[in-house]
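In order, the protein sequences belong to chains A and B.
Per our numbering, the first sequence starts with residue 1, numbered consecutively.
Per our numbering, the second sequence starts with residue 1001, numbered consecutively.
Treat the hints as calculated values from the structure; they're not laboratory data.
Quantities reported herein were computed from a predicted structural model and do not represent experimental measurements.
With the Cβ distance kept under 7 Å, some of the chain B side facing chain A (calculated, not the full set):
no.	residue
1	R1133
2	A1134
3	D1294
4	R1295
Short derived list, chain A residues pointing at chain B, Cβ under 8 Å:
no.	residue
5	L3
6	Y37
7	G38
8	T40
No residue lacks a Cβ here, since even glycine has one placed at the ideal position from N, Cα and C.
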Amino acid sequence: MTLTVETVPTVADAARRLGTGVRYLGGGTLVMRALNYGDTSVSTILRSSDPALTRVETSGDRIRIGAGVTMAGVMASRDLEALHPVARVIGGPAVRNMGTVGGNLFADPPYGDFAVALLVLDAMVQVEGASEVPLERFLGERRGLVSAVTIRRPERGAFRFRKVSRVKPKGIAVLSMAAYLPGAPGRITGARIAYGNMGPRPIRVAAVEQALEGRGLDAGTIASAAGAALQGVSPQTDPIASEWYRREVAPVHLRRLLEAQS
Amino acid sequence: MSTVEFRKDLFADERDDNLNTIGKPERRQDILGHVTGRTKYFDDHLFDGLLHMRCTRSPHHHARIRSIDTREAERMPGVVRVLTGKDVPVNLNTLLSLMNFGKDDEAVLAERKVAYRGEPVAAVIAGTDREARAAAAAVRVDWEVLPHVLDVEEAIAPNAPVVNETYPNNTFDYHDRYDHQKLRFGDVESAFATADHIVEGRYSMSPIEQAPVETCGAIAAPEGADRFVCHTSTQALFFSLGTTAKLLDMPSNRLHFIGGTVGGGFGGKVDSIHEPLAVLGALVTNRPVKYSWDREEEMQVGAPRGAEVWYLKDGVMRDGRIVARQFRGYFDSGAYTRLSSYAIIKGTGHLPGPYTIPNVSSDVFCVYTNRTPATAMRGFGITGVDFAIERHMDKVARRVGMNPLELRILNSYRDGDMKPHRRVAHNCALVECVQVVSEKSGWAIGPEFRAASSMTGGGGPRAEIPHTVTDEDGRIGERRSGRAGTAPRPATPARPAAAAPQRPAYEPQPYTPQPYTPPSAPQPLYQPEPYRPSAAEPHRPKPPEPDTKPKPRPEPAPQPEPTRPFDRGVNRPGASRFISGTRRR
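The following block holds chain B by itself, in its conformation from the complex (with noise of 0.2 Å):
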């Protein structure tokens, strides 16, 4: 076994080492429960009655919706009710609306048209898991098939087929004005033009599935004082509330949500999908509804860390110093939204990786295609573009015949460094770490670079946000009519024709690369004036349209006497009539 090694000896005077828990050992509040098999999962909730809701799904990862036919699948033995889209209060939803980020887009049972392979169209609630996916299967979909897009850089062409509806243009909506999220921090191309190398790579990565042990699922029952309980797997409990009140027009307050117990996350449990249609099947039936995935579903229709691609273009000087970093990428959203629009906000921030570089430019678009929806994975749309930044950096060390490490240690960010996204850098450790690396490695650095620190040469003139040239490009919708280009930008592109600057005040001034000098405190080419972004006007989320779809409220079906006494019933108020028990105790 391998041991921690705790170096203390670094950034000693920064940390307080006589902390009560950080820097000791804690057990997990919830271990002793897992090593002794009594942690209670949503499964392990015992309904009397319980029904079981299994899904019809699309077999095509595109097709229009002529009609459906459930009347075969309700005459199945033991049968309670077919759900179709028509059936959701609310059919239209994305997971961020909770936070005004994005349209809705997706229907919780698709009612037109498919977008992906195994979206649901119908819900089956029948007395057994079994009897629910024979029905299932006997649901009648007349399909009519259409053209589909699986690539992200083919759906960005002016003639793909339109997967999302909602984004016509294939692409997320970026501040109700670019069809990709923009960063800009210096002149790239000015950079370019003055670099002794120009060094391009193209970075891509596919869906990751999360496969956590338990699949996803729910289960709901009426509960006292016309309420709804529901016992989820859900990552995120009041996503999943929100989500839930939101789809069946209900108020949040007859929602009685229990989580807290997830058998396995890593990102693939805060989509809420099994909720809304858990707590849907209970209200129309008014008796306990399961509704989870098998693993075939888990792995076909559970959302996974999303698919990448990664252009970047690099200029460095022949002494390893990159002076600058050109992105652009393209994460695949799949079919609908879900996280990935949040994910490339996420990691704009993150951009160009932990490395001082004068001037950034990135260009990230939110892709549709006809794939499973992407959602959130562990450190998402930061380890995608992790991976492209570091295997750059091998490729810029290759090209300029320099040590691997020491070119990281050389354009490593220091304390008090701006980084693009108009942060003050601090807390730094790269050169620590790959100082310690090389040390682990027995991979050599010369004596400069291991007598290098985060805390020294890092701020002055690197604090500043240097003059910056913006631009408009990349409209919504201009790149869908083919007046843009899609391609990634050509090798030794022409330079633009100068956009205005950012702050009126500073001319455009050609980029004169300055040499490296480390921890002597240069004259500053300006005086830095505090940040204000763009005169452009802030980003308001729009009010929400009024809905002028009716909404129709099930009829509360008249309740049934359970079929057997309580043997081991719960009399607490307001509780759900139909709770038997538990499988742990």
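Pulled out of the complex, with its shape left as it was, chain A reads as follows (with noise of 0.2 Å):
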């Protein structure tokens, strides 16, 4: 009945440990807000001082992340330059502080705006004993401990974010999108799009991104595009705000996205 806290060396030894009851603590902003309110179905918070989860690396063209790199981390990582916007627009500085790249993972609407800019940057997530997975289908299970997160390094230029919140500066997402374009202004290869809280889970907007493949961002091709914006999207409607509000909104700033000077 009571609540033990348990810290092992190794990552390896927290996806073994993991069970019934245990949850991992990564930075605690999602696990101790749901044990405060009350949480019962944790008996034991697992902890790991890995060091391996707090690196940044990078190899050839690819960064590696790990897990337990917070918000704060990836601000102070040169390499990670292109995320710095994004990781600035995640809760507080108290947040920023604690919240963690695996934990964001994790995190249900309306939070996870982090995982929004890895969808389009191709991200494959390490979950530990398990083989490399591209972020979109992790994301559909969630499931295993995740040890890192690896990400391609970005062309200078083309990777776009956007938070929609109506309380700045750390309010909550009415929607969030993230853009990796590729060659843009002149002929996009590669075009990826993603949305965040237009749904239960971070997505990928395929019809979007094949209304950008090949084209050059102009005119037409970014009224295109934001005439492909709701294909495909469900949005929900929670407190933050209503489906129709969703639905009305996001092709607006979908197009401000687009239209914004890299």
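Each chain sits in its own coordinate frame; assemble them with the hints.
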């Protein structure tokens, strides 16, 4: 009945220890909130002091981000410069000092904005004791202990991100959007678009990607992309915004994201 | 940053600008503690052997309790005691009973039925919060789910489920006579008959949560001399003390209440929910007990500003003068009374807003529904109807094709005008406010409106109480039995049979609108005589009914020795033996 805390030296140990009633604690911004609000399903909090969890390493055109890297850690990493604007809009300073990249993948709406950015950067998730899986597939199951996320090193100026919230500077997102547009404003090859808070988990938007693929980022392309903005998307109604509102504003914000100067 | 602009040019001769405090910047007395993190809240007081209390709550909007089985919960680890309604010495109260207003209608822990989702039926006291939560979930309640009603207008229909058995008509009883609070001033029906336009509207507002940063809570502990100390987040310390004394059938001098620091209140911390249970817990266990809500409880069970529905009907002349205004309002009190009954009386005194309208009528209902009970929040009773009134003023302006600012100045009250609740208005300032709004927003108004003043044009015939038509509609129980309609009055009603005038000296006369003549003083139509309340018997509080219920006083348990020596203990005579310090120094 009492709550215990266990700390193990490696991620592998932690993965073995996971089970019923055992919850892994990254930064605690989700787990401790649940415990403080009376979640009695957890009887053991598991931590790991594995130094690999907090490392950021670059090899070739991929960057490996340890699952325990905090948002503040992202902002302190020169390799992750493209993600600084994303980390800066996650929570307030206290949350950024604790909240981790790995934990963000487990955040239910209206949170989880960092995962939206990772989706367009071709992220692969390293689950301890298993092979790497694409983030898109991982988000559908969200099982296992994440040890790291690897992303493509973004081409300069090709990555864009937008978090839309009503309260500034640290409001909860009505929606968030990320775009990876290599070649823009010229011919785009490998366009990726992702939304957050437009459904139960962050998603890629194939219709918009197709509207952009192989074309220059001109007014006509942007118009057709905005026209496809809601294809295959089923946003939810929650205390932050209604489904109707999200449908109304999503094409507008997509247009602004695409029109923005990189 | 915007700065405050003081308009010292206005009302300069009515005000002394050489006061020591008013009009001068002043440091809040508590701000230093807040900004340095030294302010102590109720939860910053540490007690050795502190027990935690959590409630088992209704998952249903409306249900009868067939039985409550606490046996499994009592066997759970760490559980010291499980309380149900029969453990509460006087398990029925209404907040305003301390000032003799309303009937006791709410149990601390429900015994026979619940009337809103989240209503507590049992309280578990255990060694840790976690143990208390687990045991609260193990309390078995056999529910018989009843039909519920969540809408005020549905709740007053004759066939609606009875929410609150103390008020079987689903409406609060006003003055032992009516199912609503009446206001009658002049004769609205005659004025509607002569008005050029009739403008109607329906306005509604949802409940609003006060959302304090510190959730509501209290810690109670045994003190010396058979007393109990209680640290609480309450906004109303003596309300909480009086309520606790009543519910626990205990003289108030056995209660030592300490409050004063509220971590966000806004009206949501006046209901005195926590203190009685925390003190009862300390009484039956003889140990310190904390009872506080988590965030979810604060949102679901914490009483919000109630929902309101308002119907307004105005009689308006072509030149924009409003000659009659009729209100019909419904306050959603939730399942129990708390403060909505009082909010309605407060709101009725405010009608028809800051305007001088010669004929005003209002019926406002305090309606029980199977929603969370509503309570105070910033200007409650006024805020909702003001929203309705100002939206309606804009609607009137559109109908008569008038600038909405000019419409407001035209109808605004002036010093010396009689308000419908029979008080003369003074220190009026709406005209000047609208003029400043016009100036700041660049929304132009005509020169005669720029020249208007709150200090001129009032009084004279506008200070008189008009001949007033009264009625006996809406006696308690009438509506419920189907003998009176539940819908708002029809758009173009037939004139009701003339009721006897309030003062028989005046024969009822059809209302004739007078031309608007601001500054010149026309002849008064009649000599006003001082207002006397109607001849009906004045409302007297009923003597309290003899309480036949046995009041078990729990046997005081033997005083346990603290398990650890006090390393930071307090040895003040009479102080609680359990105090071990504070989180903030």
